[in-house]
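Number of protein chains: 2
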Amino acid sequence: MKPITLQEIADTLGISVSTASKALKNYPDVSEETKTLVKELAATMNYMPNSFAVNLRTKESKTIGLIIPEIVHYFFSNVIKGIIYQAEKKGYLIITLQSNESYQLEKKQIELLLSKNVDGILISLANETADVEHLKTIIEHNKPLVMFDRIAKKINCSKVVINDKKAGYTATEHLIESGCKRIAHFRGPLLPQNAIDRFQGYKQALKKHNLTFDPALVYTCNDMSFEEGTYFAKKLIQEHKDVDGLFVSSDLIAIGAITELKKQGFLIPEDIAVVGFSNWFMSSAVTPTLTTIDQPGFEMGKAAFKQIFKELNFRKKKETYTPKVIKLKTALVKRDSTP
Amino acid sequence: MKPITLQEIADTLGISVSTASKALKNYPDVSEETKTLVKELAATMNYMPNSFAVNLRTKESKTIGLIIPEIVHYFFSNVIKGIIYQAEKKGYLIITLQSNESYQLEKKQIELLLSKNVDGILISLANETADVEHLKTIIEHNKPLVMFDRIAKKINCSKVVINDKKAGYTATEHLIESGCKRIAHFRGPLLPQNAIDRFQGYKQALKKHNLTFDPALVYTCNDMSFEEGTYFAKKLIQEHKDVDGLFVSSDLIAIGAITELKKQGFLIPEDIAVVGFSNWFMSSAVTPTLTTIDQPGFEMGKAAFKQIFKELNFRKKKETYTPKVIKLKTALVKRDSTP
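First to last, the sequence lines map onto chains L and B. Under the UniProt record's numbering, think of the first position of the first sequence as 1, with each following residue one higher. Under the UniProt record's numbering, think of the first position of the second sequence as 1, with each following residue one higher.
The set of hints was computed from the structure by calculation and includes no laboratory data. Do not rely on the hints blindly, as some may be mistaken.
One copy or two, either will do: identical chains are not told apart, so a pair holds if it fits within one copy or between any two.
[What the hints assert, rightly or not] Simulated crosslink set (DSSO-like; lysine-lysine; CA at most 27 Å straight-line):
#	residue 1	residue 2
1	Lys108	Lys35
2	Lys318	Lys329
3	Lys89	Lys62
4	Lys334	Lys310
5	Lys208	Lys306
6	Lys62	Lys25
7	Lys136	Lys241
8	Lys235	Lys35
9	Lys310	Lys25
10	Lys39	Lys107
11	Lys317	Lys203
12	Lys108	Lys318
13	Lys324	Lys35
14	Lys262	Lys234
15	Lys207	Lys241
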C-alpha cells in the first residue's frame, strides 16, 4: 500500500497540513479530538513522515545537489531557476553550492554532497577544472550525474549543452555575410570546452568563407567582465586598425567592448560590427542593441533536471540506460550592432 | 564522546574521504584490508553517517530552507551567494525555493520545507504577500525564522534589512542639494515594506527642505523592469515638463528611464538628474554612470545566515533569545547622473 501523505491526511479530515503536522507532534494548540483523528488515520493508512531521513524502503532522500560556478550571473541564475522549477514539480528539493570557479572547492563540494546522501548531482564545471577524476567518484558511488553547459567530454554521464561550435560558426558567418573581412574574436578562458568550441566555430566559418585565420585577432578573456570588454577593445583598435567585425563570447564583454569603441569615436555597426553571446536581457536595452546568440538557460536547467529524474527512475526499476547528450537549440538574434 | 567524522577517519588512515565512504559501503574497488581498517575505526570511534537523516541525538538536519521571490535578479542572487557562502563555513546546506512573487506558492513552500524537516527558514517575501499568517506556522513549529529585505513588521522574528527610509531620504536630499526643485519618484509596488519606506524617505526629504510633495510626480512600478523605466520616463516628460530630478527605486528601472530620456534629447544630469537604487554592477558601466544607493546583498545574505545560526545555538543550549533587527549600512555612490 502506498503510504498516505500529510497532505492527504489533512485533505481527508478537512484541516490544514500544519494542523495535521502539529497533531502528530502533540502540539498543545491542537485539540485532543483532532490529534486522535490524525493519529488514527496516519496509523491506518501507513503514514511515513516525509523528511530528509532517507526513506528506508526506497533509499531516496528526494534531494539533488547542484554545483554551479557562479550564482550571480544571468545565464547561471536562469539555469538554477529552471532546475528548481522542474524539481519542485516532481517533489524534489535542490541544494545549491557555488564552486566559485575553483577546482579545489568543486572537489570538496562533491564529497560534501555525497556524504549528505543526495540522490544525484547536477554540475557545471569551474573554469579552473582540468582534472576530472572527482566526477568519477559520483559514478562510483552509484549516483546519477548530469553535467550541463561546462561539461567534461571524457566523463561517461548525461550532458545538457548547446552546440557551441555551431553557435560560434553561426555568429561568425553572420559577420562575414554582413560584409566583414577582418573579424576578431574575444574568446572565453582556455580550459572550458564551451569556450574552445565557440572558438573552433569561429575558425571554421572563416575557413569555409576563405578568410585567413589570424591568431593575433584572438583575445582570451579570463574573468568575463564588462571591464575586460573595454580593455581588449582598446588593445584591439591599437593593434589592428583594419578590424571590421568582432565576435565576443559573452554579451557582457561585448557591451563593454561597444562602450569603449563608441567612446573612441567608432560607429557600430558601420565601422565595426559586433555579435555577442547569451542574449542577456540588457542586450536589447543598450545602444545600439546587440546582435547575439540566444542561449536558453532556463530551458537548460529544466532539461538537466528532467534527465536526472529519468535516470533515477531507471535505477528504481533496475533498468539499464545509456547516458545521453542533449543538445538545446540556439538562435541568432539579429539586432542593430550588425548591419 | 563526540562521534568521529568520515573526514577524520580518512585523515587518520591517510586515505581519501571517498575511499573511506566506499569502504563503509562495501564497494568492490576498495581492498578488504582498507575496509576492515575503516570499519573498525568507525565502530570504535562512534562514527555516525552525516546524511539528511535527522541526527537522533541533536535532532538536526543541518539544512536551512531559503525562499526568495526571484533568483534571476542581481540583488537577490547576491543574497543567495552570501547565504550559501556563510552556511558552507558552518557545515550547513541551503535548499533554495523561488516564490515567483506569488503568495500562494510562498505558503505552499513553507509547508514543504517544514515537512522536509529543515532546521530553520530564511525568507524574503513575495511582492504579493499581504497576509502573513503562514509565517507564524514556522514559529509554531518551533523553528527559527529570519526575514531579510522584504520583511513583515508584525511577525516577531529576527530581520535583516537596510534602513530603506533613510536611504530614500539620502537619495532625494542629494538631488535637492544638487539644485533640483521638482523631483519625481518611480517607486516599487504598493505592498512591500521596503518600497513604502523608500517612498516615505523621499517625502521626508522634500518636507525637510520645504519642497512641496506632489503625488502626481510619483509613479508605481510593478514588474521593476527596464521597460517600465522607459515607459514611465516617457509619461513623466509628457505630463511634467518642469521635472529636473528623479529618484528611482531600482537601478534597472533608472537605466531604462535614462535611456528613454537621452533618446528624447534630454541631457543627464543637466536637464534631469537621476539617482537609482541598489548599485547593480551595470550602473558604473552605462553612460552617464549612475548615481545610486549601494545595497549590500552579499553582506545581507551572510548576516541572515549568521543570525539563524546564532538562534539555532541558543535553542541547543535551551537559552531564550529576543529577536533582533539587524540594519545594514547603505551608502550614496556619487557618479555622473547627478551634477
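Hints and how they fare:
Taking CA atoms no more than 27 Å apart as the test, Lys108 paired with Lys35 passes between copies only; the shortest distance there is 22 Å, against 45 Å inside one copy. Proximity of Lys318 to Lys329 under the C-alpha cut-off of 27 Å is found in neither arrangement, the shortest distances being 32 Å within a copy and 56 Å between copies. When the C-alpha separation of Lys89 and Lys62 is checked against a cutoff of 27 Å, the pair qualifies both within a copy, at 12 Å, and between copies, at 24 Å. Within a single copy, Lys334 and Lys310 get their C-alpha atoms no closer than 36 Å, and across copies no closer than 52 Å, so neither meets the 27 Å cut-off.
With identical chains, the CA atoms of Lys208 and Lys306 are never at most 27 Å apart, being 37 Å at best within one copy and 57 Å at best between copies. Taking the shortest alpha-carbon separations for Lys62 and Lys25, both the intra-copy value of 23 Å and the inter-copy value of 20 Å come in at or below 27 Å. With identical chains, the CA atoms of Lys136 and Lys241 are never at most 27 Å apart, being 48 Å at best within one copy and 66 Å at best between copies. Proximity of Lys235 to Lys35 under the C-alpha cut-off of 27 Å is found in neither arrangement, the shortest distances being 74 Å within a copy and 59 Å between copies.
For a Cα distance limit of 27 Å, the shortest separation of Lys310 from Lys25 across copies, 25 Å, qualifies, whereas the shortest one inside one copy, 35 Å, does not. Only between protomers do Lys39 and Lys107 lie at most 27 Å apart by alpha-carbon distance; the minimum there is 24 Å, versus 45 Å within a single protomer. In this assembly of identical chains, the alpha carbons of Lys317 and Lys203 never lie at most 27 Å apart, being 46 Å within a copy and 64 Å across copies at closest. For a Cα distance limit of 27 Å, the shortest separation of Lys108 from Lys318 qualifies neither inside one copy, at 30 Å, nor across copies, at 33 Å.
In this assembly of identical chains, Lys324 and Lys35 lie within 27 Å of each other by CA distance neither inside one copy nor across copies; the values are 49 Å within and 34 Å between. Taking the shortest Cα distances, Lys262 and Lys234 sit within 27 Å of each other both inside one copy (11 Å) and across copies (25 Å). Only within a single protomer do Lys207 and Lys241 lie at most 27 Å apart by alpha-carbon distance; the minimum there is 22 Å, versus 56 Å between protomers.
The structure is inconsistent with the numbered hints 2, 4, 5, 7, 8, 11, 12, 13, although it conforms to all the rest.
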